[in-house]
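Residue numbers (my numbering), protein chains in the order written: chain A, 16 to 405; chain B, 23 to 300.
It is worth saying that the hints were derived from the structure and are not from the lab.
Heads up, a few of these hints could be off.
Just some of the chain B residues that point at chain A, by a computed CB distance under 7 Å [claimed, not checked]:
hint: 1; residue: Glu-49
hint: 2; residue: Asp-148
hint: 3; residue: Leu-171
Covered, in the sense of this in silico footprint (three residues per stretch, anywhere, with C-beta under 8 Å from a C-beta of chain B), are these stretches of chain A [unchecked claim]:
hint: 4; stretch: 23 to 29
hint: 5; stretch: 131 to 143
hint: 6; stretch: 189 to 203
hint: 7; stretch: 291 to 301
Each pair of labels, with its calculated beta carbon distance range [what the hints assert, rightly or not]:
hint: 8; chain 1: A; residue 1: Asn-399; chain 2: B; residue 2: Asp-97; range: 42 to 52 Å
hint: 9; chain 1: A; residue 1: Gly-403; chain 2: B; residue 2: Ser-177; range: 55 to 65 Å
hint: 10; chain 1: A; residue 1: Asp-329; chain 2: B; residue 2: Ala-158; range: 19 to 29 Å
hint: 11; chain 1: A; residue 1: Tyr-64; chain 2: B; residue 2: Asp-205; range: 53 to 63 Å
hint: 12; chain 1: A; residue 1: Arg-194; chain 2: B; residue 2: Arg-91; range: 27 to 37 Å
hint: 13; chain 1: A; residue 1: Ile-169; chain 2: B; residue 2: Lys-278; range: 32 to 42 Å
hint: 14; chain 1: A; residue 1: Asn-399; chain 2: B; residue 2: Ser-177; range: 48 to 58 Å
hint: 15; chain 1: A; residue 1: Asp-329; chain 2: B; residue 2: Asp-223; range: 21 to 31 Å
hint: 16; chain 1: B; residue 1: Ala-158; chain 2: A; residue 2: Val-287; range: 39 to 49 Å
hint: 17; chain 1: B; residue 1: His-210; chain 2: A; residue 2: Asp-50; range: 51 to 61 Å
hint: 18; chain 1: A; residue 1: Tyr-64; chain 2: B; residue 2: Leu-263; range: 48 to 58 Å
hint: 19; chain 1: A; residue 1: Ala-395; chain 2: B; residue 2: Asp-60; range: 21 to 31 Å
hint: 20; chain 1: B; residue 1: Ser-177; chain 2: A; residue 2: Gly-301; range: 32 to 42 Å
Glycine included, each C-beta is placed from N, C-alpha and C at the ideal position.
Take a look at the letters that make up each chain.
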Amino acid sequence: MKAGRYGVYGGQYVPETLMSALIELEETYGRVSLDPEFSRRLGWYLHEYAGRETPLTYCENLSRDLGCRVYLKREDLLHGGAHKLNNTLGQALMAKFMGKRRLIAETGAGQHGVATAIAGAALGLPVEVYMGEVDTRRQALNVFRMELLGARVIPVASGTRTLKDAINAAMRDWVANSRDTHYLLGSCVGPHPFPWIVRDFQSVIGEEARRQVLEREGRLPDTVVACVGGGSNAIGIFYPFVNDDVALVGVEAGGEGLDTAHHGASLSGGSVGVFQGALSYLLQDGDGQALETHSIAAGLDHPSVGPEHAMLKDSGRVRYEAVTDAEALHAFRYLSRTEGIIPALESAHAVAYALRAAGDLGEDGILVINLSGRGDKDVAEVANLPGGAA
Amino acid sequence: MSRIDGLFARKNPVFIGFTVAGDPGIETSFRVAKTMIDAGVDLLEIAIPYSDPVADGPVIERAHARALRAGTTPDDVFALVRQVREHAPDLPVVLFTYYNIVYRRGLDRFFAETAAAGADGVLIVDLPVEESGEVAPSALRHGIDRIALIAPTTSPERQHAILREASGFVYLISLEGVTGERDRLPLHVAGLVGAVREKTDLPLAVGFGVSRPEHVGAVAAVGANGVIVGSALVRIVEEHLGDEAGMHEALRTAIKAMRCGIVPDPGPDIPRRERVEG
Ligand SMILES: Cc1ncc(COP(=O)(O)O)c(C=O)c1O
């Protein structure tokens, strides 16, 4: 397999001006990933600052309801409230090692923007975050958090005004400023080496979960479930299990249903194409134009997915399913009541799939759900929906 | 000799105009192209509208959006090229596209249709030389030049790799950034032209940010064989959306003024390289 390729997927489909920045990034990452000083400093930030390791919580009530042994990997308890900080601390530290003086990022739900703002504040790097105008409205709390953390939020009014256009805007900024700016991409998408770097920094989730479940149960789980937007929390928990006899299920945004035009399920409902720097699955029309997507979860509202997931889909190693907005909303309320844990709407997709499928495992079955983030950011939006907290 | 080679052999420097097919509408778009040609554009670059034009600044990005809203498809773009070809049989035409349009259609089909429509070259803005392995033979088979891009950030080693595959002319990106008008051109343009000139006999055209008559003059003065003007012309279309007569008039005026920035070189005998025909 060629460097930067996952099977046929991945690659570097970017404007020429960016190639030198990608080459520099690849070299730097190759170097720091072997540098004990880098590992020591990142380890310190993850442990002392961000609160790793996160618990693997056995959920008694959920287990009773689902009829199997259910664990939640608690990335909601990571500082900032989502798995995103694993990646932003790693990349921000790397940016320091490269001598970059400014961080830019895109954000959908706002969680990656918040995590970048946190890492920038902690490491003394100014942060500017591109965010689609639609998302600045539906995730207003996170806009305020980013500003409070000293970041500048730049609303993006072009295209669909959501995550995809925020990525376009950040890429344009990087094309102009790559010499002194690091583009801190928030998921395992985009051109090589981003999918590789993000997967490495997020793999801490799966490494911990694998060890924790072995300690607790003396064996590996039967199934690991995670939601898939760009795919970073999912690849993070899946990767250390890829060579094990463990079923892996990625859950995409089914929106109003895969039979409608309103969803974000690029693996379940898309086709192969080049988008934002990589060859992967994509929601596109017959001419190759990206389609508008929809999800109740802003972080899953995106027409494409990381190239490694495309490979894992084709090989059959990971099964990809979709759950609808309504199922996710039900799971959001259900987990809040049943376990006292309010999940992010993104993570609620993984919970919703578990609610649908756990019956198949039997009472000795072990199910691990990656709870990628907490739902505080979504509370205001859900309160405005019919049914509110009900 | 191809139309592109012929043009650069008889004229130096040449004036290259850029337009987004289907902006602001499919039919108006041909009239815009016609005005540009009649006003003295030597080579026309026609962009295929795309949903996510990441190499483009706001002006051209909005043009892509207008063209897509008007329903423009790649089929319409090929039809536009055929119309242009009929209107100006000798004018070199280069299609400017993002790679997914090509990939989705299938490489061979894309280049076959490009050739059948009468275009001479294709420039794929997000396909660096590292990824172009499958595209090169397809373009060659259909006799289409693949216009290569070199940026100020391109290392000398990569310049060599890019130039090995290039044909037609080489597009030098004048600045680190996306397309769009700038008040001033960066000082390093002369250095870039000089550095690439040492490595190739292909004509060199400079674009990105070139938007005023004095820029055109400055680019010509540092020894480039062509200047490319995009956003400044696209902006004129945008500013005259409700007034098509005014649009054509303003385009004519702007192109004439910019052409005046070029002082023609009396001896248009730039070194030529043997062309490999497919
Ligand atoms: C809590 C949470 N989970 C999941 C996602 C989706 O991203 P990914 O698929 O990269 O994990 C997001 C994105 O914003 C998020 O905030």
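Results of checking the hints against the structure:
1. Glu-49: Since the shortest Cβ distance to chain A is 19 Å, the answer is violated.
2. Asp-148: Hint on B/Asp-148: holds, closest Cβ of chain A at ~5 Å, below 7 Å.
3. Leu-171: Interface hint status for B/Leu-171: holds (4 Å vs cutoff 7 Å).
4. 23 to 29: holds (count 4)
5. 131 to 143: Not satisfied, violated; 0 residues make the cut.
6. 189 to 203: Result for this restraint: holds, n = 5.
7. 291 to 301: The restraint on the stretch 291 to 301 of chain A holds, since 6 of its residues have a Cβ under 8 Å from chain B and three suffice.
8. A/Asn-399 to B/Asp-97: 42 to 52 Å: Between A/Asn-399 and B/Asp-97, where Cβ atoms are some 43 Å apart, the hint holds.
9. A/Gly-403 to B/Ser-177: 55 to 65 Å: Holds, at about 58 Å.
10. A/Asp-329 to B/Ala-158: 19 to 29 Å: For B/Ala-158 against A/Asp-329, whose Cβ atoms are near 26 Å apart, the range 19 to 29 Å holds.
11. A/Tyr-64 to B/Asp-205: 53 to 63 Å: With a Cβ separation near 44 Å, A/Tyr-64 and B/Asp-205 fall outside 53 to 63 Å, so the hint is violated.
12. A/Arg-194 to B/Arg-91: 27 to 37 Å: holds, 36 Å
13. A/Ile-169 to B/Lys-278: 32 to 42 Å: Hint holds: Cβ distance 38 Å, inside 32 to 42 Å.
14. A/Asn-399 to B/Ser-177: 48 to 58 Å: holds, 53 Å
15. A/Asp-329 to B/Asp-223: 21 to 31 Å: violated, 45 Å
16. B/Ala-158 to A/Val-287: 39 to 49 Å: Given a distance of about 21 Å, which is not inside 39 to 49 Å, the answer is violated.
17. B/His-210 to A/Asp-50: 51 to 61 Å: Since the Cβ atoms of B/His-210 and A/Asp-50 sit about 33 Å apart, the hinted range of 51 to 61 Å is violated.
18. A/Tyr-64 to B/Leu-263: 48 to 58 Å: Taking Cβ atoms as reference, A/Tyr-64 and B/Leu-263 lie about 53 Å apart, which means the hint holds.
19. A/Ala-395 to B/Asp-60: 21 to 31 Å: The hinted range 21 to 31 Å is violated for A/Ala-395 and B/Asp-60, with Cβ atoms some 58 Å apart.
20. B/Ser-177 to A/Gly-301: 32 to 42 Å: With Cβ atoms ~38 Å apart, the hint holds.
When held up to the earlier numbered hints, the structure conflicts with 1, 5, 11, 15, 16, 17 and 19 and fits the remainder.
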